[in-house]
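Visitor: If you want the building blocks of each chain, they are given just below.
There are 2 protein chains.
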Amino acid sequence: MTPQRSQVHETRAETQNNGPSAPSPRLEPRGLPPRVEIDVKHVILVLSGKGGVGKSTVSVNLAFALANHGRNVGLLDLDIHGPSIPKMLGLEDQRPAVLDKAIEPIHVTGNLSVMSMAFLLPDSTSPVIWRGPMKMGAIRQFLTDVNWGPLDYLVVDLPPGTGDEALTIAQLAPNLRGAVIVTTPQEVAVLDAIKAIRFVEKQEMPVLGIVENMSGMACPHCGETVDLFGKGGGERAAQDFDVPFLGSIPLDPEMMRAGDEGRPYILRHADTLTWRAIAEVMENLVARVES
Amino acid sequence: MTPQRSQVHETRAETQNNGPSAPSPRLEPRGLPPRVEIDVKHVILVLSGKGGVGKSTVSVNLAFALANHGRNVGLLDLDIHGPSIPKMLGLEDQRPAVLDKAIEPIHVTGNLSVMSMAFLLPDSTSPVIWRGPMKMGAIRQFLTDVNWGPLDYLVVDLPPGTGDEALTIAQLAPNLRGAVIVTTPQEVAVLDAIKAIRFVEKQEMPVLGIVENMSGMACPHCGETVDLFGKGGGERAAQDFDVPFLGSIPLDPEMMRAGDEGRPYILRHADTLTWRAIAEVMENLVARVES
Numbered sequence: 000m001t002p003q004r005s006q007v008h009e010t011r012a013e014t015q016n017n018g019p020s021a022p023s024p025r026l027e028p029r030g031l032p033p034r035v036e037i038d039v040k041h042v043i044l045v046l047s048g049k050g051g052v053g054k055s056t057v058s059v060n061l062a063f064a065l066a067n068h069g070r071n072v073g074l075l076d077l078d079i080h081g082p083s084i085p086k087m088l089g090l091e092d093q094r095p096a097v098l099d100k101a102i103e104p105i106h107v108t109g110n111l112s113v114m115s116m117a118f119l120l121p122d123s124t125s126p127v128i129w130r131g132p133m134k135m136g137a138i139r140q141f142l143t144d145v146n147w148g149p150l151d152y153l154v155v156d157l158p159p160g161t162g163d164e165a166l167t168i169a170q171l172a173p174n175l176r177g178a179v180i181v182t183t184p185q186e187v188a189v190l191d192a193i194k195a196i197r198f199v200e201k202q203e204m205p206v207l208g209i210v211e212n213m214s215g216m217a218c219p220h221c222g223e224t225v226d227l228f229g230k231g232g233g234e235r236a237a238q239d240f241d242v243p244f245l246g247s248i249p250l251d252p253e254m255m256r257a258g259d260e261g262r263p264y265i266l267r268h269a270d271t272l273t274w275r276a277i278a279e280v281m282e283n284l285v286a287r288v289e290s
Numbered sequence: 000m001t002p003q004r005s006q007v008h009e010t011r012a013e014t015q016n017n018g019p020s021a022p023s024p025r026l027e028p029r030g031l032p033p034r035v036e037i038d039v040k041h042v043i044l045v046l047s048g049k050g051g052v053g054k055s056t057v058s059v060n061l062a063f064a065l066a067n068h069g070r071n072v073g074l075l076d077l078d079i080h081g082p083s084i085p086k087m088l089g090l091e092d093q094r095p096a097v098l099d100k101a102i103e104p105i106h107v108t109g110n111l112s113v114m115s116m117a118f119l120l121p122d123s124t125s126p127v128i129w130r131g132p133m134k135m136g137a138i139r140q141f142l143t144d145v146n147w148g149p150l151d152y153l154v155v156d157l158p159p160g161t162g163d164e165a166l167t168i169a170q171l172a173p174n175l176r177g178a179v180i181v182t183t184p185q186e187v188a189v190l191d192a193i194k195a196i197r198f199v200e201k202q203e204m205p206v207l208g209i210v211e212n213m214s215g216m217a218c219p220h221c222g223e224t225v226d227l228f229g230k231g232g233g234e235r236a237a238q239d240f241d242v243p244f245l246g247s248i249p250l251d252p253e254m255m256r257a258g259d260e261g262r263p264y265i266l267r268h269a270d271t272l273t274w275r276a277i278a279e280v281m282e283n284l285v286a287r288v289e290s
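Quick note, the sequences are listed as chains A and B, same order. Counting in numbering that gives the first Met the number 0, the first sequence runs from 0 upward without gaps. Counting in numbering that gives the first Met the number 0, the second sequence runs from 0 upward without gaps.
Keep in mind the hints are simulated off the structure, nothing from the lab. Model, not experiment: these values are computed from the prediction. Certain hints may be false.
Intra- or inter-copy, both count: the list cannot distinguish identical chains.
[As the list claims (entries may be wrong)] Quick list of in silico lysine to any residue cross-link-like pairs, SDA-like style, CA-CA up to 20 Å:
(1) K40 - R262
(2) K230 - C218
(3) K230 - P252
(4) K230 - P243
(5) K230 - L90
(6) K201 - P121
(7) K230 - P219
(8) K100 - R287
(9) K201 - S125
(10) K100 - P252
(11) K40 - D241
(12) K201 - H68
(13) K100 - G69
(14) K100 - I37
(15) K230 - R176
(16) K40 - L120
(17) K100 - E234
(18) K40 - C221
(19) K201 - N283
(20) K40 - L150
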């Protein structure tokens with residue numbers, strides 16, 4: 000027995016009974032749904048294999064870096080079960096207005112808007128207990144029913160893994176410019192990052208590059224290097240799989256605190272090693288997506 | 000418009016067309032499937048809201064602690080997109096035998112067996128690009144088609160979040176004894192841990208307790224405390240939500256390395272602060288599930 004074969008059977012069993020009166024087949028997993036029509040020049044996905052590697056941190060700082068270059072930027076948080084971007088931007092109490100059946104995104108600056116599941120929940124502790132088809136419907140609505148306006152970039156922060164959320168946005172979003180893969184140097188994280196690279200390639204999307212986060216740490220007391228997650232794993236994976244390496248960001252308690260306190264780190268302009276590292280990664284990324 | 004209402008509509012549209020010739024309705028999200036029949040006294044789920052908080056580390060060490068108490072233990076890795084338990088146990092090259100249509104789990108010791116998606120993949124870098132219904136089928140097979148033998152405990156390591164995997168195992172597994180919630184002290188992680196608590200309570204399962212992982216760190220060079228993810232967030236959440244607090248495990252480069260090198264940390268019996276902390280958490284948990 001191959002488990003895969005049997006699962007294919009069960010999945011088909013669930014989707015093939017679309018009789019003449021069956022409702023919209025657009026959610027059917029087997030057929031590719033048409034891409035949605037939204038006014039955006041470039042959609043960029045931010046992916047990781049493993050959770051907790053700093054995907055949302057990279058997404059937030061990339062969105063701000065692009066906005067600082069004068070672009071109109073949308074930031075879409077697709078981590079439906081654990082949306083963290085509103086908290087990281089200090090926006091967790093915001094609720095979007097609904098104007099003429101369209102949901103107004105939260106405007107962070109004149110040219111940067113954010114949408115997240117967190118804005119639609121009754122409170123910050125309500126779990127979203129949804130199976131895949133519910134999430135597919137929500138993702139479609141985040142694209143079509145949100146009044147993004149004309150965008151240069153839509154930066155999409157995904158939950159870890161290569162499941163419904165990643166597959167849905169890869170199939171629905173127009174003008175996919177590519178994906179950024181975030182990993183820590185830890186072997187278990189790099190292994191999952193490689194899976195993410197292969198997922199992106201299977202979707203016929205370019206890998207814009209790998210960011211190695213939590214890469215080395217200097218003790219804030221004695222300055223010595225603390226080898227917590229190791230170093231260099233992301234860069235080696237980039238070489239092995241022939242994808243660009245965008246740079247390393249050290250593990251820094253200040254950056255962790257910025258996330259908890261709702262202040263994007265890149266806005267702080269403190270001239271520290273960490274700040275220069277993250278600014279360099281973001282400039283590399285902007286240069287790559289604008290090229 | 001409330002987005003929730005519209006999504007419910009779309010989901011129903013996908014599931015309600017079960018005509019007379021419709022195949023098995025047991026995957027239907029609206030109806031609860033019957034629990035599977037496997038010979039296990041207690042099923043324990045290990046959950047987190049956020050990824051990368053050490054769920055798999057806790058699952059592995061809990062399974063070993065229970066086995067050390069002479070129990071027959073199964074360890075089921077349900078992180079289908081990013082299975083890390085085989086790597087953490089140095090078993091990533093193992094492939095299960097198939098005997099008489101049943102999959103033989105990998106036997107780690109005489110009374111501890113493991114099953115993971117990783118054992119069924121052609122290589123360690125293949126992504127599993129599956130939507131929810133595929134994962135539901137796989138989880139059912141991991142319960143029914145694996146020759147677990149008579150088990151005292153089945154420890155189930157879940158991916159982050161409250162989606163298909165968590166919901167499926169909560170609905171299918173018999174004798175659910177409760178769930179362990181793992182979090183770091185970081186606010187964004189604690190917020191997601193609270194969602195996990197509320198998910199568990201909605202499934203009418205007890206919360207066995209919260210483990211605070213990556214709780215404080217001592218610099219290995221100067222011994223000073225490095226405040227990386229903060230401290231105490233998990234314990235406060237346990238108080239606020241009136242669930243047991245099982246203890247804190249510090250952030251320790253040695254424990255990270257143990258995971259990368261395939262050696263369960265609890266087996267090392269080094270008399271360090273970290274070892275004593277993890278042993279104490281596991282003893283608290285064993286005492287609670289055996290009571």
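Visitor: State for each hint whether it applies.
Guide: Going down the list of hints, with the structure as the test:
In this assembly of identical chains, the alpha carbons of K40 and R262 never lie at most 20 Å apart, being 27 Å within a copy and 48 Å across copies at closest. For the homomeric pair K230 and C218, the shortest alpha-carbon distances inside one copy (15 Å) and between copies (17 Å) are both at most 20 Å. For the identical chains of this complex, K230 and P252 are neighbours both inside a copy (17 Å) and across copies (12 Å), given an alpha-carbon limit of 20 Å. For the homomeric pair K230 and P243, the shortest alpha-carbon distance inside one copy (17 Å) is at most 20 Å, but the shortest distance between copies (37 Å) is not.
When the C-alpha separation of K230 and L90 is checked against a cutoff of 20 Å, the pair qualifies neither within a copy, at 33 Å, nor between copies, at 24 Å. Taking CA atoms no more than 20 Å apart as the test, K201 paired with P121 passes between copies only; the shortest distance there is 16 Å, against 37 Å inside one copy. In the homo-oligomer, the alpha carbons of K230 and P219 lie at most 20 Å apart both inside one protomer (18 Å) and across protomers (17 Å), since each shortest distance falls under that limit. Proximity of K100 to R287 under the C-alpha cut-off of 20 Å is found in neither arrangement, the shortest distances being 36 Å within a copy and 51 Å between copies.
Within a single copy, K201 and S125 get their C-alpha atoms only as close as 35 Å, which misses the 20 Å cut-off; across copies the closest is 11 Å, which meets it. Taking identical chains as interchangeable, the C-alpha atoms of K100 and P252 are never at most 20 Å apart, the minima being 42 Å within one chain and 51 Å between chains. For the homomeric pair K40 and D241, neither the shortest alpha-carbon distance inside one copy (26 Å) nor that between copies (49 Å) is at most 20 Å. Taking the shortest alpha-carbon separations for K201 and H68, neither the intra-copy value of 31 Å nor the inter-copy value of 46 Å comes in at or below 20 Å.
In this assembly of identical chains, K100 and G69 lie within 20 Å of each other by CA distance neither inside one copy nor across copies; the values are 29 Å within and 61 Å between. Taking CA atoms no more than 20 Å apart as the test, K100 paired with I37 passes inside one copy only; the shortest distance there is 16 Å, against 49 Å between copies. In this assembly of identical chains, K230 and R176 lie within 20 Å of each other by CA distance neither inside one copy nor across copies; the values are 29 Å within and 40 Å between. Taking identical chains as interchangeable, the C-alpha atoms of K40 and L120 are never at most 20 Å apart, the minima being 30 Å within one chain and 37 Å between chains.
With identical chains, the CA atoms of K100 and E234 are never at most 20 Å apart, being 46 Å at best within one copy and 43 Å at best between copies. With identical chains, the CA atoms of K40 and C221 are never at most 20 Å apart, being 47 Å at best within one copy and 51 Å at best between copies. Neither within a single protomer nor between protomers do K201 and N283 lie at most 20 Å apart by alpha-carbon distance, with minima of 24 Å and 45 Å respectively. Taking the shortest Cα distances, K40 and L150 sit within 20 Å of each other inside one copy (7 Å), while across copies they are farther apart (55 Å).
Hints 1, 5, 8, 10, 11, 12, 13, 15, 16, 17, 18, 19, counting from the list given before, are not met by this structure.
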